[in-house]
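Colleague: These protein sequence lines map, in sequence, to chains A and B. Counting in my numbering, the first sequence runs from 1 upward without gaps. Counting in my numbering, the second sequence runs from 192 upward without gaps.
Calculated from the structure, these hints are not laboratory results.
Below, computed lysine-lysine pairings styled on DSSO-like, alpha-carbon distance capped at 30 Å: (1) Lys291(B) <-> Lys185(A); (2) Lys285(B) <-> Lys29(A); (3) Lys461(B) <-> Lys164(A); (4) Lys171(A) <-> Lys260(B); (5) Lys176(A) <-> Lys260(B); (6) Lys291(B) <-> Lys121(A); (7) Lys176(A) <-> Lys285(B); (8) Lys430(B) <-> Lys408(B); (9) Lys279(B) <-> Lys141(A); (10) Lys121(A) <-> Lys279(B); (11) Lys291(B) <-> Lys177(A).
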Amino acid sequence: MEIKRAVKYERELEKGFSQAVAELSGCEKIFECIQCGTCSSTCPVSLYMDYTPRKLMAMIKAGFKEDALRSVTIWICSSCYSCTVMCPAEIKITDVMYSLKRMAIQEGVFPKRFPTPVLAKEMTNIITNEGRNSELWVILKMLLKTNPFKLLSMASIGLSLFMKGRMGLKKESIEKKNELKSLYKAMKEAS
Amino acid sequence: MKEYGYYPGCSLKGSSKAYEDSLLEVFKVLNVKLKELDDWNCCGATAYFGVDKDMAIAVSGRNLAIAEKSGFKEIVAPCAGCYLTLKKSNQFLKENPSEKIKNAMGKVGLNYNGNVEVLHPLQLFFRDIDLTEVAKNVKIPLKGWKIASYYGCQIVRPYKDFDDPYDPQSLDLIMNALQAEAIDHPCKTRCCGGSLTGTVEDVGLRLVYILLKEIKKRGANAIVTACPLCHFNLDVYQKKISSKFGEKLDIPILHFTQVMGYAFGIDKKKLGFDSLMVSTSKILRA
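Pulled out of the complex, with its shape left as it was, chain A reads as follows:
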């Protein structure tokens, strides 16, 4: 059995992390967190997270950048905004989650075979290129990249949706596809 140090040394923390997060829009109030735990208790999925929202807030403030960005927590959050509405310090916790998701994707440290970030990336690509989302194709792409075996268990649901006329094979798109592609290009050039 390998014995590992479970506690971080202070010098291993990223000191500027909390400030960098606080400068992002929606994250301005993170320093006002009083660690009351209202967010974690109102969160319907906190029991599945590696760090509860309260813990994550403490980690951001202390500078646990690596652990926060690599956490599953941010990808389990389903954006129900319960924490945001309940937080007595009025911290927009859902928006903090979004900011960390974007940082994790930019720095390439998101869990590569975890379906949520893969779905987000696939869907974003489809929308940028086609203008519309085709439910079937985006799910297929996600499963192929994460867990192809799951296709089998999804097949029966897919088939019944098809039979009920609720899922087609057609790829949806808008007429002016170039508009969104050019918009994307203009946005990239500006940053």
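Add chain B to chain A, keeping to what the hints say.
Modeller: Chain B only, in chain A's frame:
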């Protein structure tokens, strides 16, 4: 006749066609016109905001620009995800318009001056359509129906524009206007997991199971929804959940507009009941 811009979103053209069909039928009866936006694009949902915020705002911004150019002051988005995404982007564009987004949009000929409001159809019943108007059109009173209203999260959070974030009433009041009994329950805005049923199934299915079980325990014989994703999770995954948790749930899930349409006496074929996974034969008259 009141007219609004109509933003259907991807689900209402795909897996939740029944929501669109019933919505349009019901609004026809109520003398409300919904005019679909030209060449609208997907709102980007929660996915785009998790990848690229500026672009997410611009993607929604394109729809808002189209609406404004077409002369609409208000657009109606029946999907809770679209409603929130468009509303959130609208707020960014109105309150802190970033030069970067404005310039990029301008480069492709999209100009938005912040003159559009985003509404959810539920909201209209407490602003522009009187509930007595709804009651007047009832041909088949829903006597004996015990309906649980399930609002989901994004209609009432984080924006509390027209209802309470934890104990909303709008759907219940509409059901009462149709003479149905609205069952009180604590899960009205508890999250259904959204896309987690497809991504992290173990988490998603358990969230939906809790909702169905708690609602059933309180004696409801049907659940109404006002969001296509909530509806999808509760309806399509119900069979799987029943077998996974070893419990027969068997409770019909209806778009609220289907229930309204039925009470208004609209031909059932036009309301898409056949496309539902959980049979409605126990509650609908043959």
